[in-house]
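Number of protein chains: 2
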Amino acid sequence: MSPTQNVLFIMCDQLRFDYLSCAGHPTLRTPNIDALAARGVRFDRAYAQSPICGPSRMSTYTGRYMRSHGSTQNGVPLRVGEPTLGDHLAEIGVRNVLVGKTHMVADRAGLARLGIDPASEIGVRAAQCGFEPYERDDGLHPDGGYDPAPAYDAYLRAQGFEAENPWEYWANSAEGAQGETLNGWLLVHGDKPARVPAEHSETAYTTSRAIEFIEGAAAAGEPWCLHLSFIKPHWPYIAPAPYHALYGPADVKPAVRSDAERAETAHPIFRAFQQERYAQSFAREEVRQRVIPAYMGLIAQIDDELGRLMRFLDDKGLRDSTLIVFTADHGDYLGDHWLGEKQLFHDVSAKVPLIVVDPAPAADATRGTVSRDLVELIDLAPTFLDWFGAAPKPHVLEGHSLLPLTRASAAGPLRAHAVSEYDYAVDGVRRRLGTQVRDCRLVMITDGRFKLITAPGFRPILFDLDTDPGELTDLGADPAQAETIARLTAALLDWYRGAANRITVSDGWFSDGDAAAEVYDLLLDPGILIGYWDEAELDAEIHKRAAWRAAPQKG
Amino acid sequence: MSPTQNVLFIMCDQLRFDYLSCAGHPTLRTPNIDALAARGVRFDRAYAQSPICGPSRMSTYTGRYMRSHGSTQNGVPLRVGEPTLGDHLAEIGVRNVLVGKTHMVADRAGLARLGIDPASEIGVRAAQCGFEPYERDDGLHPDGGYDPAPAYDAYLRAQGFEAENPWEYWANSAEGAQGETLNGWLLVHGDKPARVPAEHSETAYTTSRAIEFIEGAAAAGEPWCLHLSFIKPHWPYIAPAPYHALYGPADVKPAVRSDAERAETAHPIFRAFQQERYAQSFAREEVRQRVIPAYMGLIAQIDDELGRLMRFLDDKGLRDSTLIVFTADHGDYLGDHWLGEKQLFHDVSAKVPLIVVDPAPAADATRGTVSRDLVELIDLAPTFLDWFGAAPKPHVLEGHSLLPLTRASAAGPLRAHAVSEYDYAVDGVRRRLGTQVRDCRLVMITDGRFKLITAPGFRPILFDLDTDPGELTDLGADPAQAETIARLTAALLDWYRGAANRITVSDGWFSDGDAAAEVYDLLLDPGILIGYWDEAELDAEIHKRAAWRAAPQKG
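Top line first, the protein sequences correspond to chains F and Y. Just so we're aligned, residue 1 is where the first sequence starts under our numbering, counting upward by one. Just so we're aligned, residue 556 is where the second sequence starts under our numbering, counting upward by one.
Certain hints may be false.
If you anchor each label on the Cβ, the simulated ranges turn out as follows [claimed, not checked]: (1) Y:GLU735 <-> F:ASP512: 22 to 30 Å; (2) Y:ARG1104 <-> F:ASP44: 45 to 53 Å; (3) Y:GLN835 <-> F:THR473: 54 to 62 Å; (4) Y:ALA1037 <-> F:PRO31: 32 to 40 Å.
Over the 12 Å line for every Cβ pair with chain Y, so calculated as not near, a few chain F residues [stated by the list, open to error]: (5) HIS25; (6) GLU215; (7) GLY340; (8) ALA362; (9) ALA536.
Stretches of chain F that chain Y covers, calculated by requiring three or more beta carbons in the stretch to come under 8 Å of a beta carbon on chain Y [claimed, not checked]: (10) 96-110; (11) 130-144; (12) 381-388; (13) 495-506; (14) 521-535.
Since the hints were derived computationally from the structure, they do not count as laboratory data. Note that the Cβ used here is the ideal one computed from N, Cα and C, for glycine as well.
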């Protein structure tokens, strides 16, 4: 590994795959993100391992499916000892640094059980999901809870933006005609500018902090993996000027939805999610027209800030040594399918934008291309390790490096199926349906054409993405689809069975001795003699071992 | 919990369910174990979670399936942080003490990654699978490897049994006519006595150490859970006098096997296991007749030692305060089905003896009965916690307390299916079949009548235990069984989906607030306002909360 190799891992929060101009949005302009796509590969079928922040991020940061890491919902601590990208990078001497959001909750009970001081270096890494928290900010600081003293509040105060709660007063509120505070959480205020000037907003601040980190690390000459993790365009949906007004109702794409989706024949879980407050709100056209322009403005601001960051990287001469990834943790229904938020598995929620800029000359042939390979966010950790030259760890990391795709050197598809999971135990949906907590586990599996969603106690949901790219027709109850459902169900069982649960030893632990084992009983070495009848039989085997040890292949 | 409550958890190694007189063995006499059965409940359908030492024990000691704890084979370290019975008992102030074998291998890499000193109290517990190792002895100390200075060797030396390797020379060798050492590992010597006198053999020594522990703990008045874990009747199959000669070839039950099991139509994995050395040996009648009497002698010795232990408990007045469990980690083919050892899922391998003596008066009605309930070794940890009065932890412990069965208070069956797993990556079978390491995962699921064994890349195996209790007819390729196979396969998917992977929070974490959540949006409390259109809508919800807080149900 060259000491000048780095990774810049950019993640947005709740950014839909189709809200980029390079991904076909009709009016949104994202020239800097488009430029990344032109320099790299844009993956058009990238799935989040869970369509919600915490579990999706825990999968991304561990390289493991939710079924394996067990942090099944926002707020559920990641179990202590679960190996993270940071653990793997630490082994090869690369710093894994955070600027922004992770949604990680420390497993304080587990740390206590193991006697680990949360303030120690190891304790911090375990508590921060493997990151060195150069700047940890999960982006929500309402009066009711969360971090009592976020660094961003201190920054705002230092800039003269005083308030009891600067985050709420300046960055997430607008101002009325009489100077009154207009609550930025409320969707009705989506068309107004946040009080904070754009250059001091969270997106700008986070970008500046990333630049500060890179400046220092570049000066020190150390390799780094920087996770620049924007809080936006996640709610509160309120953008600072001029971004609040860049787009208007005319830029709002028609909602993708049908009356059949609200009919009594629709799937009970789907219908129950439609009854959530956010779904009821986004089902209203008035809400969409007020909020979606703000959402677009927040994306445009991220794009501008990324332009600033890319110019900085170029100025520093880091372009050729830095692998850049741009993605999101999940999407946003924005009223499609009569839903808001995320949680379910339509592409607008579970599919994410993903651009990989691989500066290696071997990747020149793929620059500016769009890949239709089925890829997953758990592929990022193996990609980074591959970039730094580390050996793969398939017994721990359940994804695959994307570099064979950027370098057009893959022998075949990375995988036959992508999987995403969601646990609705936390949602009103559970109470509405009377489901037991343990039965709230939804699993989606797709082969790229069909998408099957399974739910204990309910019939499956099935979409045919080829004939129905809008996912408006649920084929889960169609007898003609029984074979497809059985095929994907069998694939799901294979997926469960293939879980990387044996994380303490590699596959090589079993197979490294195969050549010798073809010749003699390896248990002779520790003296464990199983099934030998008599001395003659044992001696014969000992002679085979001696012959093996004397043979040239030994050395 | 009364401070006088205790658990005596006795485990034999490789003891078949049917090698007890109370379980119907025609000539073997086990009066002391039979007496336990008469005092308690004998479970006739108890399954080990893996038919091999290490994984079976890791499941028993964690209360979790192999798919969850990930220690898939002997020698594979149990990942640090995996919660154990010892962790749960520590929370309620009960010592979890080991005398004998666990087969635990510490996750040294994991301990190092988390900065845990393996010599610290927490480090020892993590390294010893949750046990306080009063006496840890895994029972195999050949010259080739393992512990360089077992306590049992020191004991033998102190008794005057000197040798370079006392364990091997005295306890696991016989002596020839000329005084020469006859290797006790070799099956041909199964009919000879071990050099060591019975009262200084491993079984007697282990029992004495248990008595010493109980003596001290009883004097201190502290509650304890003692795992008395015998190494026998596991190989080396050599018993001290007089146990070597208690039984002879006439006591050897005919092998249960058929020619069809060796035919080319037999399942490839089954056939490949038949080619292992131990299987080839035990397929020979000469071997069975030499070894099985020794195996029976080792069991008879355990029975005698348990008689001594039970008299001690009675003398100490501990009978009424001690829950006693007698079981094994798996069985032994002993030539049945042309196999030796264990690994596969016929009842002689995967089913285990299980007796639970519950001294509570509530259990009087079930004393001396035989239960046909489907139970599993993962039920023991929840049973012990229940006995000590601890709350159940279904989000971590995947088994169920057996006390509702001993007390005849269960509302219904504990479970509809039992599951056992085996990873044959370590076996010659893998190389013989050319299977990839990752595809060596066998899973057995049974509903008590049918037993389905699934193997990636191969057709399933199916037995009907009602019509074919000897498991001689594999129905896995029978088209008439397609529906049964589909039904059990669906149950297997449910089993995978229901894994207790979310170990950091309980189900109550999701549902404790349900009554309030019926009334108002609980996210108001931390100030997270999702989907509200305007101030009026928000105010309405805030009023609902105020009403809830003022209502009498609040207090």
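Tested hints:
1. Between Y:GLU735 and F:ASP512 the beta carbon distance is about 38 Å. The supplied range of 22 to 30 Å is therefore violated.
2. Checked against the hint of 45 to 53 Å, the pair Y:ARG1104 and F:ASP44 passes, with Cβ atoms roughly 50 Å apart.
3. The given range of 54 to 62 Å is respected by Y:GLN835 and F:THR473, whose C-beta atoms sit roughly 59 Å from each other.
4. The given range of 32 to 40 Å is broken by Y:ALA1037 and F:PRO31, whose C-beta atoms sit roughly 58 Å from each other.
5. Every C-beta of chain Y lies more than 12 Å from that of F:HIS25, the closest at about 24 Å, which supports listing it as non-interface.
6. Residue placement check: F:GLU215 keeps its beta carbon more than 12 Å from all beta carbons of chain Y (closest about 30 Å).
7. Residue-level check failed: F:GLY340 sits 6 Å from the nearest beta carbon of chain Y, not beyond 12 Å.
8. The beta carbon of F:ALA362 sits about 28 Å from the closest Cβ of chain Y, which is more than 12 Å, so the claim that it is off the interface holds.
9. Non-interface call for F:ALA536 relative to chain Y: violated, since the shortest CB-CB distance, roughly 10 Å, does not exceed 12 Å.
10. For the region 96-110 of chain F, the proposed coverage by chain Y is satisfied: 3 residues have a C-beta within less than 8 Å of a C-beta in that chain, meeting the threshold of three.
11. Coverage of the region 130-144 of chain F by chain Y holds [criterion: at least 3 residues with CB-CB distance below 8 Å; count 4].
12. Here the region 381-388 of chain F counts 0 residues with a CB under 8 Å from a CB of chain Y, which misses the bar of 3, and the coverage is violated.
13. Under the rule that three or more residues need a Cβ within less than 8 Å of chain Y, the assignment of the region 495-506 of chain F holds, with 9 such residues.
14. Counting residues of the region 521-535 of chain F whose CB lies closer than 8 Å to any CB of chain Y gives 13, which reaches the minimum of 3, so the coverage claim holds.
Violated hints, in rising order: 1, 4, 7, 9, 12; the structure is consistent with all others.
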